[in-house]
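**Student:** Go ahead and model the full structure; you've got the sequences and the hints to work with.
2 protein chains.
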Amino acid sequence: MRGGNLKVLVVYDITDDSLRLKVAEILKDLGLFRIQKSAFIGEMTSQERENMEEILRRQNLGPSDRIDVFPICDRDLKMHSQIGRGKFGRGPP
Amino acid sequence: MRGGNLKVLVVYDITDDSLRLKVAEILKDLGLFRIQKSAFIGEMTSQERENMEEILRRQNLGPSDRIDVFPICDRDLKMHSQIGRGKFGRGPP
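If you read the protein sequences in the order shown, they are chains S and B.
Start counting the first sequence at 9; every next residue gets the next number (my numbering).
Start counting the second sequence at 9; every next residue gets the next number (my numbering).
Quick caveat, the hints were computed from the structure, so don't treat them as lab data.
Small disclaimer: the values here were computed from a predicted structure and weren't measured.
None of the hints are false.
A pair counts as met if it fits within one copy or between any two copies, since identical chains are not told apart.
With a straight-line Cα cutoff of 25 Å, these simulated DSS-like cross-link-like pairs (lysine-lysine) come out:
1. Lys15 with Lys36
2. Lys30 with Lys95
3. Lys15 with Lys45
4. Lys30 with Lys15
5. Lys45 with Lys95
6. Lys15 with Lys86
7. Lys30 with Lys45
**Tutor:** Structural data, given as structure tokens:
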């Protein structure tokens, strides 16, 4: 979360409960904000993004598991909509 | 999915099974592609996006439910990463 202005959205679909919790912990530890049970958003440098993806790739994902990392520019983030009042954590968006 | 070049990612966190399934059906019917159990992506005009959000707002979401709609420009979509081999449906990304 230091420097850089690359915002990334990380969304995952992981079947195993303990692995799913582990991935959530990894993302929290990397300074991302939780916006949904399985979605985090954060700001990081390209190098930090690479490191994060390397850590995520090392996890023992099942055959139907998937993690998607989307960079989102500020312009797009401004056009984000939230429907429903569910709230996780703090911070953007 | 006709015209326009606004790509949107829709990610949701809905507790009730039947409502979650209903939202998935709505998004499929609107022509979006499923990329995860609770994430769809599609291309639509601004008007189609407004209509979609209006339909989603009419659903009886619970207090902790939340649907996030992120426009994603082509430049950002190109920098998208997928980790894991889980695959839903067809189409981008």
